[in-house]
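J.: Below are the chains, spelled out letter by letter.
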Amino acid sequence: MIKAVHLTKQLPNGKLLLNDISFEVSKGEFLGILGPSGAGKTLTLKSLIGLLDLTNGEVWIEESNNEHINIFNTKAKVLKKLRTKIALIFQGYHLVQRATALDNVLMGRLGSISTFRSLIFGFNEVEKKAAMSSLEKVNMQHLAQAKVASLSGGEKQRVAIARALFQEPNLLLADEPISSLDPKNAKIIMGILKELSTLFPVIGVFHQPELCAKYCSRIIAIKDGKKVYDGPPVLEESLLEFIYGEELAIVIPEKYAN
Amino acid sequence: MKTFLMEHKRWFQTLFVLIGMFLLIQYLKIDLTILLTDLHYVVELLNEMFPPNFEAIWDNNKVLNSILETISMAYLGTLFGGLIAFLFSIIASNNIFNFILIGRLAKLILSFIRVLPSLVVILIFVVAVGPGPFAGVLTIIFATIGTLGKLFTESLENLDPTSAQSLQSTGAHKLQTFKYAVWPEFLPAFISNLLYCFDINMRAAVALGIFGGGGIGYKLYLAMRVLHYKDAVALIICIIILLLIIENLSNYLRHKILGN
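Residue numbers (the working numbering), protein chains in the order written: chain A, 58 to 315; chain B, 323 to 582.
Among these hints, one or two may not hold up.
Dumping the calculated SDA-like pairs for lysine to any residue here, alpha-carbon to alpha-carbon at most 25 Å [what the hints assert, rightly or not]: (1) A:K185 to B:E507; (2) A:K138 to B:K578; (3) A:K138 to B:Q490; (4) B:K496 to A:G149; (5) B:K578 to A:A270; (6) B:K501 to A:D110; (7) B:K496 to A:K60; (8) A:K134 to B:S491; (9) A:K134 to B:K496.
Derived from the structure by calculation, the hints contain no laboratory data.
All of these numbers come straight from a predicted model, not from anything done at the bench.
Model the full assembly from the supplied sequences, consistent with the hints where possible.
T.: What follows is the structure, given as structure tokens:
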């Protein structure tokens with residue numbers, strides 16, 4: 058479970074980038090964050106793992122023993138340990154291009170194993186097997202030994218998800234994971250994320266309201282740093298028009314063609 | 323007057339360059355007529371040089387040894403220089419080493435090393451450790467640190483930072499991200515620059531031999547000194563073939579590595 062309370066970020070000139078955003082996400086939920094460009098979607102996601110210095114606000118993350126920790130008010134060591142259980146995937150995949158898919162998956166656990174062992178010996182057979190089964194879950198086992206540079210966008214994103222899985226996270230955050238994918242691969246990735254949300258909360262930033270309506274269990278819409286909607290994934294057209302304004306023609310191009 | 327100057331700008335520029343050239347030739351007291359009056363010396367020298375005396379090379383194991391000596395100098399110089407340059411470049415790269423001031427200092431030291439000409443450095447080392455291959459190797463190490471330090475730093479700083487950042491965001495240690503994210507992406511640049519530098523250092527090893535660094539360069543120097551021009555030409559041809567082989571080999575290996 059993750060709980061964001063009064064997330065606020067104000068620039069020195071007084072402009073509010075995040076304006077009092079609060080929400081709570083628990084296991085079984087696949088939360089999609091929607092909103093026009095520059096609304097503060099990615100900033101919200103970044104503040105959830107403490108990568109953004111907030112002006113005000115707290116983020117509470119559940120530790121294994123039912124204990125909740127505010128990531129903005131904890132020691133660096135605790136935060137580091139907490140991060141080993143938060144998986145991240147990005148639009149740009151952020152994988153090591155010259156390493157194999159399997160090696161990239163294995164890297165997901167670098168934070169959890171001892172630095173000394175990972176520098177001198179590397180990963181053991183048990184971990185390699187587990188990484189293989191993570192790849193199997195995203196249907197990529199046949200490309201385990203392929204260099205990431207030789208994979209397609211959809212395949213790279215599936216490797217990134219396999220890495221996230223191998224991390225055995227308590228939470229998965231995805232920053233525009235399907236924005237650079239073709240429609241078919243975007244649907245595959247959304248399907249995988251939906252499946253994973255039964256294991257741990259999944260929070261993603263998206264630009265595709267229609268896909269979110271199909272796969273997410275809940276939507277939060279952000280406009281000008283403010284939460285303007287929080288509820289079921291299917292959004293009415295009038296609401297979408299309010300959220301996106303002129304950008305609507307770009308996010309739902311099929312409807313506005315011609 | 324001003325418009326006249328502007329209209330014929332090109333002519334005035336040319337005139338300016340020609341006058342400058344003439345003045346500099348006067349300043350250096352270059353007597354161009356020597357080229358005409360003493361041309362027969364060049365012809366005589368060429369007469370003495372040909373045919374090259376290759377027997378001097380095959381008859382004398384010392385020459386083959388000196389070729390091996392030159393290759394060894396370049397190899398050892400590149401290897402140790404490359405390793406030290408690598409350590410320097412890690413410190414000098416802003417994206418890997420966080421202490422920016424120390425990084426600046428490392429970059430400053432590297433540029434200081436680069437501006438010192440090798441021919442000056444070898445003079446110092448010859449005085450310090452005596453003439454011979456050791457002075458040559460030390461000089462090559464010195465030059466390699468300067469060259470490779472810069473090349474390595476540039477390739478490290480140009481790496482895509484996102485893969486390392488994504489590992490760090492999952493709690494990985496800085497050393498872990500270096501081994502798993504930075505090193506694999508840096509490796510091709512590392513090896514290809516090493517090979518490129520080995521190629522440069524072969525040439526340097528020959529040239530440094532003349533200044534007391536040992537190897538085939540020193541043999542060439544001796545042959546010229548005792549006026550054995552036929553031996554010298556044979557040695558020069560030998561050097562050209564050797565350098566061509568090394569250059570092509572290093573190019574071939576580099577393309578093979580970068581191709582993957």
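J.: For each hint given before, does the structure comply? Return the numbers of the non-compliant ones in rising order.
T.: Those not satisfied are hints 2, 5, 6 and 7.
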